[in-house]
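Chemist: One-letter residues, chain by chain:
There are 2 protein chains.
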Amino acid sequence: MKKNLLVAQSGGPTAVINASLSGVIWKAMQEEKIDKIYGAQHGIAGVFSEEFVELKACAKKQMEEHFPKKEEESILLSPFGDFLLVKGSTRQEAAYFSRLAQTPAAALGSCRLKLKNPQEDPREFQELLSVFKAWNIGYFLYIGGNDSMDTAWKLSAYCKEQGEDIVVVGVPKTIDNDLEGIDHCPGFGSSAKYIAASLLELERECLVYDTKYVMIVEMMGRNAGWLTAAAALSAEKGSIPYLIYLEEQSFSKEQFQKDVEKALQQSDQVMVAVSEGIKDSNGKFLYTYGREEGNKDAFGHSIAGGAGGVLEQMILEKMSVKTRSIEFNLLQRCAGHLLSKTDVEESFLLGAQAVELAVLGENGKMSSLRRKLSGENSFEKSSGQKDSENSNTGKSPKAGIGYAVEYSAVPLSEVANQEKKIPLSWIGKDGHSLEEEALAYLRPLILGEYSCDFVDGLPQYISFFEKSGK
Amino acid sequence: MKKNLLVAQSGGPTAVINASLSGVIWKAMQEEKIDKIYGAQHGIAGVFSEEFVELKACAKKQMEEHFPKKEEESILLSPFGDFLLVKGSTRQEAAYFSRLAQTPAAALGSCRLKLKNPQEDPREFQELLSVFKAWNIGYFLYIGGNDSMDTAWKLSAYCKEQGEDIVVVGVPKTIDNDLEGIDHCPGFGSSAKYIAASLLELERECLVYDTKYVMIVEMMGRNAGWLTAAAALSAEKGSIPYLIYLEEQSFSKEQFQKDVEKALQQSDQVMVAVSEGIKDSNGKFLYTYGREEGNKDAFGHSIAGGAGGVLEQMILEKMSVKTRSIEFNLLQRCAGHLLSKTDVEESFLLGAQAVELAVLGENGKMSSLRRKLSGENSFEKSSGQKDSENSNTGKSPKAGIGYAVEYSAVPLSEVANQEKKIPLSWIGKDGHSLEEEALAYLRPLILGEYSCDFVDGLPQYISFFEKSGK
Chain A
1 MKKNLLVAQS GGPTAVINAS LSGVIWKAMQ EEKIDKIYGA QHGIAGVFSE
51 EFVELKACAK KQMEEHFPKK EEESILLSPF GDFLLVKGST RQEAAYFSRL
101 AQTPAAALGS CRLKLKNPQE DPREFQELLS VFKAWNIGYF LYIGGNDSMD
151 TAWKLSAYCK EQGEDIVVVG VPKTIDNDLE GIDHCPGFGS SAKYIAASLL
201 ELERECLVYD TKYVMIVEMM GRNAGWLTAA AALSAEKGSI PYLIYLEEQS
251 FSKEQFQKDV EKALQQSDQV MVAVSEGIKD SNGKFLYTYG REEGNKDAFG
301 HSIAGGAGGV LEQMILEKMS VKTRSIEFNL LQRCAGHLLS KTDVEESFLL
351 GAQAVELAVL GENGKMSSLR RKLSGENSFE KSSGQKDSEN SNTGKSPKAG
401 IGYAVEYSAV PLSEVANQEK KIPLSWIGKD GHSLEEEALA YLRPLILGEY
451 SCDFVDGLPQ YISFFEKSGK
Chain B
1 MKKNLLVAQS GGPTAVINAS LSGVIWKAMQ EEKIDKIYGA QHGIAGVFSE
51 EFVELKACAK KQMEEHFPKK EEESILLSPF GDFLLVKGST RQEAAYFSRL
101 AQTPAAALGS CRLKLKNPQE DPREFQELLS VFKAWNIGYF LYIGGNDSMD
151 TAWKLSAYCK EQGEDIVVVG VPKTIDNDLE GIDHCPGFGS SAKYIAASLL
201 ELERECLVYD TKYVMIVEMM GRNAGWLTAA AALSAEKGSI PYLIYLEEQS
251 FSKEQFQKDV EKALQQSDQV MVAVSEGIKD SNGKFLYTYG REEGNKDAFG
301 HSIAGGAGGV LEQMILEKMS VKTRSIEFNL LQRCAGHLLS KTDVEESFLL
351 GAQAVELAVL GENGKMSSLR RKLSGENSFE KSSGQKDSEN SNTGKSPKAG
401 IGYAVEYSAV PLSEVANQEK KIPLSWIGKD GHSLEEEALA YLRPLILGEY
451 SCDFVDGLPQ YISFFEKSGK
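Chains A and B are the protein sequences, given in the same order.
If you count by this note's numbering, then the first sequence holds residues 1 to 470, one letter each, in order.
If you count by this note's numbering, then the second sequence holds residues 1 to 470, one letter each, in order.
Please note: incorrect hints may appear among the correct ones.
Each pair may be met inside one copy or between any two copies, as identical chains are not told apart.
Below, in silico cross-link-like pairs of lysine-lysine (BS3-like), each with a Cα-Cα straight-line distance of 27 Å or less [what the hints assert, rightly or not]:
| id | residue 1 | residue 2 |
| --- | --- | --- |
| 1 | 3 | 133 |
| 2 | 33 | 3 |
| 3 | 160 | 61 |
| 4 | 3 | 160 |
Don't read these hints as lab results, they were simulated from the structure.
Bear in mind that the values here come from a model prediction, so they are computed numbers and not experimental data.
Just chain A, with the same shape it has in the complex (with noise of 0.2 Å):
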């Protein structure tokens, strides 16, 4: 018998947590064991109070309105859409689900909703798992990060105990790439991409005054400095001094002065990155610093604000510079307008190979990837490199070259609740760069640029769920 498939995406956006359920959707409407495709609302929350939206009738529904059939010919795709049409798609289709993979921020809605665990209090998994014999759904895939995995894990061990025939998958996102189990988790290129994008644009700016200059950029990464870390990958294009302080290592005030001074006698001006989280030896956010009391900038202003402003301060309590922090905010996991290729299309894979490991029974996986070492592949082109990449690349190697990944699967259990955080052997000794080790590891992960469809100069996206009106 036929089964449903219910499918949702929990925690914090990224700007392709909507390619893996593009390729889940895309998926899940090839395969025959599936029927229905339901997507909940506001991730688990939303099954709880069933807010389901049927998917299939949805996306064909949307494709009409997005992408006329009697037009189909004459669709163009962007480039993510000739991907598609290569995997078998119809233009029509291929442009949809393009148009979907290329949305940030959940189509479905998020939630953070973290579970109970099922041997103290086992009602939140009966009601789950009534829901779900109630709509017959036979496949549950959530798409989220740790907590979203641990919620997985969960549901999926308490339906075998039950003797239920429902496979729960886990599908990986998060910008910070701290999940075990992966080599590298999706949404976390294309913040990388932004970020080291953005930060050689930054750069532009700091150069064009004949002025010392301090240029602090914040990224986000509470507990890992993943995202900092894609600095490095500037740094190495770049033509400044970059400082780059990780969540990683503990913080000093001193030494940091230290850099910057020692910096700017190297050059006139200087790009510092930090990550929100980083900590000072006792173990103190140092964005807490502002937060206090009686805290002024050297004009004696009251200050506040994140990592990236207290460095400032540190700055000007020392030496008379121009100074300027910038917080990438929100910015960083939305930018459909510049998203990394490689990320993109793995991202949209996973979505499509957890439909496959849920038909398989493969209860209690989550859809993963592993690099494969170089001697694997030698002779192979990255997924992500550009044909078209004809021009001197400057003093890195080729950056795609042995790049390619193998997609798996691993148990919910080793993801769940773990961190994996920078090794610190990735750190230069000097505290502020990073090694040969990390840049080789970061570099694949960018490459390609993909952009969202913009009508009337503007991105359009899709979303499976309308707001009360303006």
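Using the hints, position chain B against chain A.
Modeler: For chain B alone, coordinates are given in the frame of chain A:
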């Protein structure tokens, strides 16, 4: 006798100030009357110190470095390269001038130097004139905003008074769009596009959680609200209410709190767009509120920051709702990865036209453009209109219909030291929206997408001065 041309860039950077520079070099290389093309580093300051780059030689050298001639046939062109090919460039030239045109922030460096009045103190002008003579400069082109047009104007008048055969021409540039004598300023369109697109992306973020959420975004423009007005382009395409507060109107805290409360009755999520330069009815800048001693946030913390942060506090004072304030900061003027096609092409052509004006002896003019009235060109296609726009366009009429420009020249005296603000009649009676007249003005300016060149996943840019190395 052939004379040399000198070009310099001044004031705050834009994402397309180098498109104008690219147009200047491209055109000057074709002009028989022009011998050498010099670029002064760091604006007029670099003229005083004679920090000149020989741009013809430099461009040819950089062409070979970036796009080796032997590979000419295989040089892949960005869409802007295609545009240049049509203008009669070789593939190598097209690729090079395209890359330069899409490099953000003054490739020659900039300055913020305002000259004294020559009637009061002619010494600076005497010095500039003697530099011009020493270098056989017959044409001086200054790319910049209000202050720069003032410099160009004074200099053109001084040269004329002294009976010198030196032609000074201004090339407009500013993201603030506050120059008189031109329909809209080069640089504005790209910033407006970045802002409008980013707001639609941030709106996706705003929508994902099932909670009340007010997102506040602060735009540049201390003395004019044009950039903030670009939020109206998002508002008409978006799916939640936008409250838009421009510098042109005095701001009332009480009215703002009422506006937010009302908007939250319509929708759980609300976007607020605000000019950094908004002032209260006493003419006091809002961003100075946070700089005062004793100003505390809802948690008793001292607060600081821009106008956005101050609005955030005003909301929290009155209601319990999730808020976040985001500053586009420098990102809104250096995003080479998301340019308005209309803006890049117009900026390039304004630079090229400035060379023509100079050669024609049009001393004291600024290269300009005016928008043709729709009657004048009802069958004409916008320069920025994408052929590929085959999708539904939503609520608004086709954005580029009836848009066409005509290049012209205006006396610098009519431009210098003026400030063009948004007409109050363009602001809605509710004080937080824009009228159709404003939208009709804005829509064509963001049309079409150009992105910088990417290699190894990162932007490739061109600069004419090397910094002390890393």
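Chemist: Give a verdict on every hint.
Modeler: Cross-check of the supplied hints:
For the identical chains of this complex, residue 3 and residue 133 are intra-copy neighbours only, at 10 Å inside a copy versus 85 Å across copies, given an alpha-carbon limit of 27 Å. Taking the shortest Cα distances, residue 33 and residue 3 sit within 27 Å of each other inside one copy (7 Å), while across copies they are farther apart (78 Å). Within a single copy, residue 160 and residue 61 get their C-alpha atoms no closer than 36 Å, and across copies no closer than 68 Å, so neither meets the 27 Å cut-off. Only within a single protomer do residue 3 and residue 160 lie at most 27 Å apart by alpha-carbon distance; the minimum there is 17 Å, versus 85 Å between protomers.
Violated hints amount to a single one, hint 3; each of the other numbered hints is respected by the structure.
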